[in-house]
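Asker: Dock chain Z against the given chain G, drawing on the hints supplied.
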Amino acid sequence: MRHLLSTGDLSREEATLVLDTAAELAQVSGRSVKKLPTLRGRTVVNLFYEDSTRTRTSFELAAKRLSADVVNFSAKGSSVSKGESLKDTALTLQAMGADGVVVRHAASGAAHRLAGWVDGAVLNAGDGTHEHPTQALLDAYTMRARMGRVEGLRVAVVGDVLHSRVARSNVLLLHTLGAEVTLVAPPTLMPVSVHTWPCAVSYDLDAVLPKSDVVMLLRVQAERMRHAFFPTAREYSRRYGLDRDRLARLPDDAIVMHPGPMVRGMEISAEVADSPRSTVNEQVANGVSVRMAVLYLLLGGS
Amino acid sequence: MTQSSAAYLIRGARVNGRDPADILIRDGVVAEVGPGLSAPDARVVEAHGLIALPGLVDLHTHLREPGREDAETVASGARAAAAGGYTAVHAMANTDPVADTAGVVEQVWRLGRESGHCDVQPVGAVTRGLAGERLAELGAMAESAAAVRVFSDDGMCVSDPLLMRRALEYVKAFDGVVAQHAQEPRLTEGAQMNEGVVSDRLGLAGWPAVAEEAIIARDCLLTEHVGSRLHVCHVSTKGSVQILRWAKSRGCDVTAEVTPHHLLLTDDLAEGYDPVYKVNPPLRTAEDVQALREALADGTIDCVATDHAPHPAEAKETEWATAAMGMLGLETALSIVQHTMVDTGLLDWDGVAERMSAAPARIGRLSGHGRPIAAGEPANVTLYQADTAWEVDPAALASKSANTPYRGMRLPGRVTATFLRGTPTVLDGKIQ
Numbered sequence: 000m001r002h003l004l005s006t007g008d009l010s011r012e013e014a015t016l017v018l019d020t021a022a023e024l025a026q027v028s029g030r031s032v033k034k035l036p037t038l039r040g041r042t043v044v045n046l047f048y049e050d051s052t053r054t055r056t057s058f059e060l061a062a063k064r065l066s067a068d069v070v071n072f073s074a075k076g077s078s079v080s081k082g083e084s085l086k087d088t089a090l091t092l093q094a095m096g097a098d099g100v101v102v103r104h105a106a107s108g109a110a111h112r113l114a115g116w117v118d119g120a121v122l123n124a125g126d127g128t129h130e131h132p133t134q135a136l137l138d139a140y141t142m143r144a145r146m147g148r149v150e151g152l153r154v155a156v157v158g159d160v161l162h163s164r165v166a167r168s169n170v171l172l173l174h175t176l177g178a179e180v181t182l183v184a185p186p187t188l189m190p191v192s193v194h195t196w197p198c199a200v201s202y203d204l205d206a207v208l209p210k211s212d213v214v215m216l217l218r219v220q221a222e223r224m225r226h227a228f229f230p231t232a233r234e235y236s237r238r239y240g241l242d243r244d245r246l247a248r249l250p251d252d253a254i255v256m257h258p259g260p261m262v263r264g265m266e267i268s269a270e271v272a273d274s275p276r277s278t279v280n281e282q283v284a285n286g287v288s289v290r291m292a293v294l295y296l297l298l299g300g301s
Numbered sequence: 000m001t002q003s004s005a006a007y008l009i010r011g012a013r014v015n016g017r018d019p020a021d022i023l024i025r026d027g028v029v030a031e032v033g034p035g036l037s038a039p040d041a042r043v044v045e046a047h048g049l050i051a052l053p054g055l056v057d058l059h060t061h062l063r064e065p066g067r068e069d070a071e072t073v074a075s076g077a078r079a080a081a082a083g084g085y086t087a088v089h090a091m092a093n094t095d096p097v098a099d100t101a102g103v104v105e106q107v108w109r110l111g112r113e114s115g116h117c118d119v120q121p122v123g124a125v126t127r128g129l130a131g132e133r134l135a136e137l138g139a140m141a142e143s144a145a146a147v148r149v150f151s152d153d154g155m156c157v158s159d160p161l162l163m164r165r166a167l168e169y170v171k172a173f174d175g176v177v178a179q180h181a182q183e184p185r186l187t188e189g190a191q192m193n194e195g196v197v198s199d200r201l202g203l204a205g206w207p208a209v210a211e212e213a214i215i216a217r218d219c220l221l222t223e224h225v226g227s228r229l230h231v232c233h234v235s236t237k238g239s240v241q242i243l244r245w246a247k248s249r250g251c252d253v254t255a256e257v258t259p260h261h262l263l264l265t266d267d268l269a270e271g272y273d274p275v276y277k278v279n280p281p282l283r284t285a286e287d288v289q290a291l292r293e294a295l296a297d298g299t300i301d302c303v304a305t306d307h308a309p310h311p312a313e314a315k316e317t318e319w320a321t322a323a324m325g326m327l328g329l330e331t332a333l334s335i336v337q338h339t340m341v342d343t344g345l346l347d348w349d350g351v352a353e354r355m356s357a358a359p360a361r362i363g364r365l366s367g368h369g370r371p372i373a374a375g376e377p378a379n380v381t382l383y384q385a386d387t388a389w390e391v392d393p394a395a396l397a398s399k400s401a402n403t404p405y406r407g408m409r410l411p412g413r414v415t416a417t418f419l420r421g422t423p424t425v426l427d428g429k430i431q
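Chains as they are written, first to last, in numbering that gives the first Met the number 0: chain G, 0 to 301; chain Z, 0 to 431.
Here chain G stands alone, though its shape is the one from the complex (with noise of 0.2 Å):
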């Protein structure tokens, strides 16, 4: 594996082999100094299209905890806002000698795009409505951790699908870990092709709830809602939000995530999130760990 491009791309092997790395280097976080000499002398890009400080940060951790030298390159204020390509921005990263290049970017392929112009790694941190590989991976590390074992849980993703990366990388993710999918959203936030995909369809949640061991709550971007995905916020709410009454309808060791940042009220209740089965927080500190066990095998050999 030379890149991180899409989780469509991760046999079964290779993924459990970066979720048992993440595992390994989970213990690192635990220590008073929460550092390893991995990759010392490597030269990891942070290469930030699109804001998004939680993902960065992420990634600068989980860098830094191997000790690489790390440089954030973020879009604003940059040569980008000047109009410089994407295929020049990557070459001038080349020249500085970048060993891996993170990168997200607010159109679908520009992670592949820029793997064909650089030497080194380029893992996708998240591509237009394309993929977010290492949130799946971290959202399948959170499960195992949370219900010992991928395999032949039944995971509902709730929510806007449509224009989901999360979702995207999540079902190719959990279909080759051995779970069962199934997407669960109003119609108009499914995309035309769902029923190719390796994964079940439902429009109806309170039908779902009840044979889910996993919730997976989808970031609803309310800018949506005037291009007439569902009628008003209330209405989704009322059906595909997750409160209390339908918490209780999951069964009991059931789990709830969500990828963040939330959107309270709407896709999700205060009381849910805040409650001993969601794993938000959990997620986000899973997800250095498995941003670490990524960069070691891309950037640190075997």
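Hints may be right or wrong, so weigh each one.
[What the hints assert, rightly or not] The calculated SDA-like cross-link candidates involving lysine to any residue, where the alpha carbons are at most 20 Å apart (straight line), are:
no., chain 1, residue 1, chain 2, residue 2
1, G, Lys86, Z, Asp273
2, Z, Lys247, Z, Arg361
3, G, Lys75, Z, Gly271
4, G, Lys86, Z, Arg361
5, G, Lys75, Z, Thr317
6, G, Lys86, Z, Glu270
7, G, Lys86, Z, Glu316
8, G, Lys86, Z, Lys247
9, Z, Lys247, Z, Arg217
10, Z, Lys399, Z, Glu188
11, Z, Lys247, Z, Val225
By construction, these hints were calculated from the structure, which means they are not laboratory data. All values reported here derive from a predicted model rather than from experimental measurement.
Answerer: For chain Z alone, kept in the frame of chain G given last:
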């Protein structure tokens, strides 16, 4: 370009693929066609094994001048056309400034005359500035030196039904035709590629087939209602073919074109996010491709048009979402048609002559082009070697741009000579 009024004796060419015959060209016209011709004063062009076709005519070419001369000029585009076997091309109106006045269309027309490599017939915009709000001065363009007969906002759909109706009605006064880029704008907001399995997988916003089909259906009904002529640009879906078949069966005066790339390429080529495959309308599915081939074969689709869309490298070496739409077509069209239609048995060379020369000339009302290779006809002739192959090297193309999806591919057939009114614009495979 070499100007020559010399006589040419083309020996042994198979006119439209039929038995070998000699073709004598004198004073810009075909003087005689038949076996064993003799003309001591004529320069002999050996053409044994070659196919002679009427000079090709393109209804849909983007020459980029005025405005984007870095991508293509009328002169470079005309050279590319000649290299591809074309003797006439229609230059689309979406230039900068837009070809929406008599002044701009005359400029393009004169630049074409100066280039000499093929006849460049400007297409006039339907609406001012392609804005889709008010009709351009269609009559002034029709009466100009360019004598415009084809009007199109290509790249933009005339989506307002009332404006489309008015355009269809208005051009009847000078036997014009409205060539519609069928794309319902609301259904394709932000669209990046064909909507379907691949777009969903790649996370690229989809351009649904119904957005094309809905406009074609509407326009067919409108043109039938007002008794006008409609031409549908670059048909790309199976559903569009079905609508065209239905409209023609009703007697609607509608014609349609398909591009070579829609006859061959499919949307799964977008998998690597290489924008060389980004085109509008987008590449569709294998099922659509098959339907388009069958429709071209049975005449539901009348002609092949290249939609030659040159772009500079920087417009394509970028993210898919920001890349320009379009691909080169003039220099590879005949090879792709051979590959997809002739070598598959769907079309013979008579059919190729009809769909790549006669029909587009007829639709564009270009007298002097699209005529059979016969005594007394203008000597617009393309010689083509079908039993060869060539590897596409973008750097070797005559176009100023290099955005061809066939880079490195081996394509069948090669144009060896093109005659424009008796003057070779290409001879021995070299642009003159």
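Asker: All hints are to be evaluated individually against the structure, with a verdict given for each.
Answerer: Evaluation of the provided hints:
1. G/Lys86 - Z/Asp273: Holds - the C-alpha atoms of Z/Asp273 and G/Lys86 are around 13 Å apart, at most 20 Å.
2. Z/Lys247 - Z/Arg361: 17 Å, holds
3. G/Lys75 - Z/Gly271: 27 Å, violated
4. G/Lys86 - Z/Arg361: 45 Å, violated
5. G/Lys75 - Z/Thr317: Holds, because 18 Å separates the two Cα atoms, which is no more than 20 Å.
6. G/Lys86 - Z/Glu270: 19 Å, holds
7. G/Lys86 - Z/Glu316: Given pair G/Lys86, Z/Glu316 holds - Cα atoms ~7 Å apart, limit 20 Å.
8. G/Lys86 - Z/Lys247: Violated, because 48 Å separates the two Cα atoms, which is more than 20 Å.
9. Z/Lys247 - Z/Arg217: Holds. Z/Lys247 to Z/Arg217 sits at ~14 Å (cutoff 20 Å).
10. Z/Lys399 - Z/Glu188: Given pair Z/Lys399, Z/Glu188 is violated - Cα atoms ~31 Å apart, limit 20 Å.
11. Z/Lys247 - Z/Val225: Given pair Z/Lys247, Z/Val225 holds - Cα atoms ~15 Å apart, limit 20 Å.
Of the hints listed earlier, those the structure fails to meet are numbers 3, 4, 8 and 10, in rising order.
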